[in-house]
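Peer 1: Chains as they are written, first to last, in my numbering: chain A, 1 to 424; chain B, 1 to 242.
It is possible that some hints are incorrect.
As the list claims (entries may be wrong) - Straight-line alpha carbon distances no greater than 25 Å define the calculated DSS-like cross-link-like pairs of lysine-lysine that follow:
no.	chain 1	residue 1	chain 2	residue 2
1	A	Lys129	A	Lys96
2	A	Lys88	A	Lys129
3	A	Lys63	A	Lys88
4	B	Lys26	B	Lys235
5	A	Lys331	B	Lys130
6	B	Lys130	A	Lys332
In case anyone wonders, no lab produced these hints; they're calculated from the structure.
Note that the structure is predicted; figures quoted are calculated from it, not measured.
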Amino acid sequence: MNILYQVAVRNVFRNRRRSLFTLSAIAIGLAVVLIITAVSNAFYRFSIENAVNVKIGALQIHKSGYLSNVSLNQLSFHFQYGQELLRKVESVAGVKAASGRIAFRGLVSNGRNQALFFANGVDVEREQKVCPRWLGTLTEGSQPLLPSDTGQAMVGQELARSLNVAPKGALIRSVVSSETSQQTEPGEFLNLSGSSPQGRQNAIDVQVKATTKSLLPLEEKRSITLPLSAAQSLLGLTGEVTEIAVAVHDLDHLEAVQQRLQAAMGSEFEVSLWSDVQPFLRDVLFRQKVLIGIVSFILFILVLFVIANTMTMAVFERTREIGTMLSVGIKKNQIQRIFFSEAIFVGIIGALAGLLLGLIVVLVLKRIGIPFGSEGFEEGMLYPFLQVPFSCAAFIAAVFCAALAGLFPARRASNMNPVDALRA
Amino acid sequence: MNSSNSSLNALVKDQSKNLIEIHNLKKIYQLGKTTVEALRGVDFSVAEGEFTVVLGPSGSGKTTLLNIIGCLDRASSGSYLLDGEDVSNRDFNDLAEVRNYKIGFIFQNFNLIPVLNVIENIEFPCLVRKEQESRAQLRERVRALCAEVGLERFMKHKPDELSGGQRQRVAIARALITQPRLVLADEPTANLDSNTSDQILELMQRLNRDHATTFLFATHDPRVMDLARRTVRIKDGMVVAN
Ligand SMILES: Nc1ncnc2c1ncn2[C@@H]1O[C@H](COP(=O)(O)OP(=O)(O)O)[C@@H](O)[C@H]1O
Ligand SMILES: [Mg+2]
Numbered sequence: 001m002n003i004l005y006q007v008a009v010r011n012v013f014r015n016r017r018r019s020l021f022t023l024s025a026i027a028i029g030l031a032v033v034l035i036i037t038a039v040s041n042a043f044y045r046f047s048i049e050n051a052v053n054v055k056i057g058a059l060q061i062h063k064s065g066y067l068s069n070v071s072l073n074q075l076s077f078h079f080q081y082g083q084e085l086l087r088k089v090e091s092v093a094g095v096k097a098a099s100g101r102i103a104f105r106g107l108v109s110n111g112r113n114q115a116l117f118f119a120n121g122v123d124v125e126r127e128q129k130v131c132p133r134w135l136g137t138l139t140e141g142s143q144p145l146l147p148s149d150t151g152q153a154m155v156g157q158e159l160a161r162s163l164n165v166a167p168k169g170a171l172i173r174s175v176v177s178s179e180t181s182q183q184t185e186p187g188e189f190l191n192l193s194g195s196s197p198q199g200r201q202n203a204i205d206v207q208v209k210a211t212t213k214s215l216l217p218l219e220e221k222r223s224i225t226l227p228l229s230a231a232q233s234l235l236g237l238t239g240e241v242t243e244i245a246v247a248v249h250d251l252d253h254l255e256a257v258q259q260r261l262q263a264a265m266g267s268e269f270e271v272s273l274w275s276d277v278q279p280f281l282r283d284v285l286f287r288q289k290v291l292i293g294i295v296s297f298i299l300f301i302l303v304l305f306v307i308a309n310t311m312t313m314a315v316f317e318r319t320r321e322i323g324t325m326l327s328v329g330i331k332k333n334q335i336q337r338i339f340f341s342e343a344i345f346v347g348i349i350g351a352l353a354g355l356l357l358g359l360i361v362v363l364v365l366k367r368i369g370i371p372f373g374s375e376g377f378e379e380g381m382l383y384p385f386l387q388v389p390f391s392c393a394a395f396i397a398a399v400f401c402a403a404l405a406g407l408f409p410a411r412r413a414s415n416m417n418p419v420d421a422l423r424a
Numbered sequence: 001m002n003s004s005n006s007s008l009n010a011l012v013k014d015q016s017k018n019l020i021e022i023h024n025l026k027k028i029y030q031l032g033k034t035t036v037e038a039l040r041g042v043d044f045s046v047a048e049g050e051f052t053v054v055l056g057p058s059g060s061g062k063t064t065l066l067n068i069i070g071c072l073d074r075a076s077s078g079s080y081l082l083d084g085e086d087v088s089n090r091d092f093n094d095l096a097e098v099r100n101y102k103i104g105f106i107f108q109n110f111n112l113i114p115v116l117n118v119i120e121n122i123e124f125p126c127l128v129r130k131e132q133e134s135r136a137q138l139r140e141r142v143r144a145l146c147a148e149v150g151l152e153r154f155m156k157h158k159p160d161e162l163s164g165g166q167r168q169r170v171a172i173a174r175a176l177i178t179q180p181r182l183v184l185a186d187e188p189t190a191n192l193d194s195n196t197s198d199q200i201l202e203l204m205q206r207l208n209r210d211h212a213t214t215f216l217f218a219t220h221d222p223r224v225m226d227l228a229r230r231t232v233r234i235k236d237g238m239v240v241a242n
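Only chain A is shown next, with the shape it has when bound in the complex (with noise of 0.2 Å):
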């Protein structure tokens, strides 16, 4: 090995107990950046498998215009649902299975109040197929819709305790609960009513079978979910849906899919990514990102400063060993080249620590998993994981950072006055 390197490595063992403080700095820095990007990770994979496996499907068709059309009434994008269409959909390579839906909203009433909900007609049978999580987490005495269903419902566990009404095995918690308040005996029938695209009223009742827990208050409070059946008797649709909810095999290939079924389905339909349909979803793990990007930039920074801190105090205490080397015809670039390669390894080493740190706390963490969210929530597991490009480009980065803090350092060292170093 070259001289030069040999002095520069040497001299990171010499200050055993300060380069030690260097190398904890940029493998705690790099171990922190990996541990919160992995948690970031499962917690983006948690959001994105939520929304595509409890409500929203991987993909959606709709009538072209649906989606920009959201002002208006989306009823009036409807279309003829049948084993025809199904098959053209699932025929498409990639797809596993679609189901088709309405989606509208109306007033539900138990015949003193009313409120405003957001409903779901889902095909019970094929829906398990496209969102397997579909029936959320239901409350306790709950009973999940089934396909011979047809004038039941789910209904969300705030709009449901504000209306009074409860599936029926959860009467007497109920009561116990409302003792004080001198409620009287939950109810187990609703009646929502809703209008035709045309406009025309109708209502039906239903029979409340399950309330469901959410980690967004607005389903909570909104939300109901019923036979595609009864939605489209209430509706006037008789044998039509406004959505078709499609899964994939594989959501890393989502885009290709998503091009193929368009292609399939022609221009008369647009066919959307869960992210399209949800923007605001997108937007919120979008955010998030920039702001774990954030949060590792200004890691770095301290890193840096750290590093160029000790390095400065390195130069500082080795000037007159620059003079000395200086005197004996060393080039001003060879000086810069210590010092910058001692930074760059000091750099290696930390960053290979910080990999193995963070990989090691990563891994224990995929192991046992972070509860999240609201109790009660038996899904509400975070399984963080890191994608290899992307540790790579953070030990990179990390290195890159050593380097960095030693160029002003080793400019310092290789700007010395050769006489001045030797009197110091």
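Model the placement of chain B with the ligands on the given structure of chain A, informed by the hints.
Peer 2: The following block gives chain B with the ligands in isolation, referenced to the frame of chain A:
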């Protein structure tokens, strides 16, 4: 007959050719508003192969003079020819190669590189060169030099494991490994006890004889004078006796 005579003449002339030629050399330090004239017009030359002692009290300008001669510093005015080459106006970084190939330094504080062992310290000036001899050849020369200065048993030691006299021997070997034209020793014995000093002085004189290397030796210790064939006395930045 004629031609052999002229070649003999050339040889004589070559031997007496001055390695160092200094004329009216001045060095002025600016310290805020006050100026310090460290060298006030030095005229001075050193012939190839000489062992010259520069004697003067502390603060007389010896270090300043040696630094300029060693191409570490630039004079404020005057001329300086090293080996016939005018180096008075060149930047010290430009002169790195001149220092490396032509000059060896020996300092009062030994100035060894602490992380390198004896062998590596001695090799160092040769290892930073662009063009290098083979590693084995260099090692061989280092070994021979170590034997010459009495360091055979300490070749793997780090500087902090050596006594002052041993460290100075390493510095001497490092100054000689490049086979320089000129060795500059700035009070090399000031940090040594008198016994060790004598040994170091004797060693330097022997090396001067055996290698025919020019030595310029700065000291404030008049005792050293007896050892030198030539003494240059310097006082307040001027040569007072040659
Ligand atoms: N960098 C400097 N700045 C200002 N004055 C200096 C500097 N170096 C040396 N001097 C002054 O120049 C004079 C000669 O110093 P120096 O060459 O070190 O003498 P010596 O080596 O003989 O003791 C002294 O008066 C000293 O204070
Ligand atoms: Mg001096």
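Peer 1: Each hint needs a verdict: does it hold in this structure or not?
Peer 2: Each hint tested on the structure:
no.: 1; hint: A:Lys129 with A:Lys96; verdict: holds, 8 Å
no.: 2; hint: A:Lys88 with A:Lys129; verdict: holds, 17 Å
no.: 3; hint: A:Lys63 with A:Lys88; verdict: holds, 15 Å
no.: 4; hint: B:Lys26 with B:Lys235; verdict: holds, 14 Å
no.: 5; hint: A:Lys331 with B:Lys130; verdict: holds, 11 Å
no.: 6; hint: B:Lys130 with A:Lys332; verdict: holds, 14 Å
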